[in-house]
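Participant: Here's the letter readout for the chains.
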Amino acid sequence: MEPTSGGGVDQRFQPTITFVADTPLRAKRVDINTAATRDLVLLPGIGPATAKRILAARRRRPFIDPGDLIARGLLPTTVLENLRRAARTETSEEPVLRSIETAPDRVLYHKPFALEMHFDDSRSGVRLARLQVESMSHSLDLVREVDATEREKGVKAFELPAMEAGAMNIEASIYDNAGNKDYVSTTGMVYHNPAFAIFWPSERSARLSNGAALLRSGSFECNSNFLLLNGTGTATSLNRNMTWTVRNQSGAQIHAGTWDWGGPLTLSPWQVRTGFWFNFTFPPGSAGFNELQAKRQITIEWRFIEAGTGAAVTDSLTWRGIFGPDVNIIRVGNENFSAAERTGVFNALRTQAASIFNSQDMDIGTIRTYIISVAQAGGYVTINSNGEAEDLTEDWTVQNDAIDMFIVRLYTGSVAGLSPRPGPCDKDAKGMNGVVVESFADSGTNGVATTGMFMAHELGHYLGLPHTNSTNNLMNPAIGTANTVLTNAQGNTMKNFPCFVRFMG
Amino acid sequence: MTERTEKVIKNRNYRYPVSVVVERPDLLELGEAGARLSVELMLSAPEGVPSRKLRRLRGAERSALRKIAAEEDPARGILLQKAALGALGQVKDHAASLVIARLAQNPEVDTRVRAEAIASLAEMGGEGTREFMLDVIESGQPEDRAQAALALARLGTVADVGLLEAMAEAEDTFVGTIAGGAATTLREKLHLEGS
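Residue numbers (this note's numbering), protein chains in the order written: chain B, 240 to 744; chain Y, 1265 to 1459.
Source of the hints: derived by calculation from the structure; they are not laboratory data.
Be a bit skeptical, because a hint or two may be false.
[As the list claims (entries may be wrong)] Restricting the straight-line Cα-Cα distance to at most 25 Å, the calculated cross-link-like pairs of lysine-lysine (DSS-like) are: (1) Lys350(B) / Lys1274(Y); (2) Lys734(B) / Lys1274(Y); (3) Lys1274(Y) / Lys534(B).
[Said to hold, decoys possible] Calculated from the model, a selection of chain B residues having no Cβ within reach of chain Y, i.e. all distances over 10 Å: (4) Pro283; (5) Lys291; (6) Met375; (7) Gly686.
Where a beta carbon is used, it is the ideal one built from N, C-alpha and C, also for glycine.
Based on the sequences and whatever the hints tell you, model everything.
Facilitator: Here it is, written out as structure tokens:
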């Protein structure tokens, strides 16, 4: 029996590219990938006709970086330069971080580059700059002082090391002498030359080279996303037929096939094409199913051929049936959660928390959602002490073999989550027998990521992990959105937890 | 002096080894800017900051804590603001009480920030706090009134028992439940006989 497979394109990946509008309102930022016409025309040099063309162009495909506006004939270079150096406003009370730019404009893999923060100084003077970069090969958190020359120029540059190709998430903050702050986040790209494909397990981190083969409706599913990068100044295309091969742990081929994309995949100069997905389903009786069922890994290889040169563009991922706990999300005071926040909470667990666990061959298994209405929850709608959090988990239990994770919208004090360490296997046991996490899924740029991090951190405690002071470790007591590291020892502790964690295959 | 740590994480599940680099100057040497970042890092702890650590905050750091409490963070939304409000309550920073009271009464701010501000004021206590809570019960939103009822359980007088019991009867949502619990707590605290 053979697996079923297939691919397609959606537009989930969309970078944020912001400019500062020419308006008396301080720091009105306009993202060219999402802004309405009325906001686009606030940008210097952009009139209604250009705004209309930008809207039409981004409907076809989002802009990947500012240079895309020139490459696609929408703006002359001079206008873009003016946008980048948008007239400095009078020095205001608070600093304004206008943009983050790369030098050179296009960053190539294995080549050092710089990231520049362009800012407007404040009356008290910008004193500190913080740059956080998450790329395929680097996790940087750099805090540096800003000197008088940099303040005068309004530019703070960070020289960065050579990186591997792929997307990079960039966050920048500046702080002035009065303790004021401004912040910008954006997505950058490290290009590859020649054309390049990067596959990653769906909804997970692109850093991962492995995926969780999930047993769903009796079959194993191996789902991936990918992007195509053209890091050259010339257009190219990949032939419409892509081949794929599935190999067992010993490297022997067990399945193979082709997929027709319906036409060549064209890549403009310096283009990143995103939103591709390719999924496999291995039914019982197929060789792939048998390997995964036997707790052996499989490798899936994809191979495109570049038209003209005939060069192969390949990538591969390994897949295993892996370990993990099922989790019950229990929304406390359900009516208070907006639809967006409910989705955000689910994605925080399914995407962010699971991605961290994936790095140790773990995953979040089945997520079931339960609700406690405002009337049912009574005083638990807001958690006002750790004792109350403990009582909440004692008073409410879902009778199944999954960890109960109570999501509250308000946990007062400086606390945002709590879990026993380790958690009990008997959910009817006295004392705290579930995890409580405060949701920030509807707040701030990183709300979903932060909530997911808190969820993973508290689940880590439930599965026996103590705090550690190790930098960027998930179990560091002070966590940010870059705390994604789990050591092998931590992974083993969780995998060997005596209950809830099961082999998902 | 800048402290720089570098390590490389090699994990078979990562496509490439990942270099983790953290670079920090001595933040406490960098005035209000450094103090703010230092306090932000401290407030990012999911299980909260111990009171003894918060009580050690002085000068620029204490001022940064107040500043963070006063407005939503451009990067992390209400997370840091809420944590700062909670921290100010923990250390009973009465100098911040006016700013916190304004937040507690501002209908424009996030419901959770308002509720946290009320909880923070209750934690601080002090002159006028009880009267403030009575005002909130009179005119606030449900979440605010619930927090104010909880505050009265700690700060209230005999006269407030009846008010809380009336709230418990009149309100059929979580406010009523909380007010009922608060009435019981206050009764016990004041050694009053059952109703």
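Participant: Each of the hints needs a verdict: does it hold here or not?
Facilitator: We went through each hint and held it up to the structure:
1. Lys350(B) / Lys1274(Y): With a Cα-Cα distance of about 21 Å, the restraint between Lys350(B) and Lys1274(Y) holds, given a limit of 25 Å.
2. Lys734(B) / Lys1274(Y): Judged against 25 Å, a Cα distance of about 20 Å means the pair holds.
3. Lys1274(Y) / Lys534(B): Roughly 23 Å between the alpha carbons, so the hint for Lys1274(Y) and Lys534(B) holds.
4. Pro283: holds, 23 Å
5. Lys291: Given a closest Cβ separation of 31 Å, the condition holds.
6. Met375: violated, 6 Å
7. Gly686: Given that some Cβ of chain Y is not farther than 10 Å from that of Gly686(B), nearest at about 6 Å, it is violated.
In this structure, the hints that do not hold are numbers 6, 7, in rising order.
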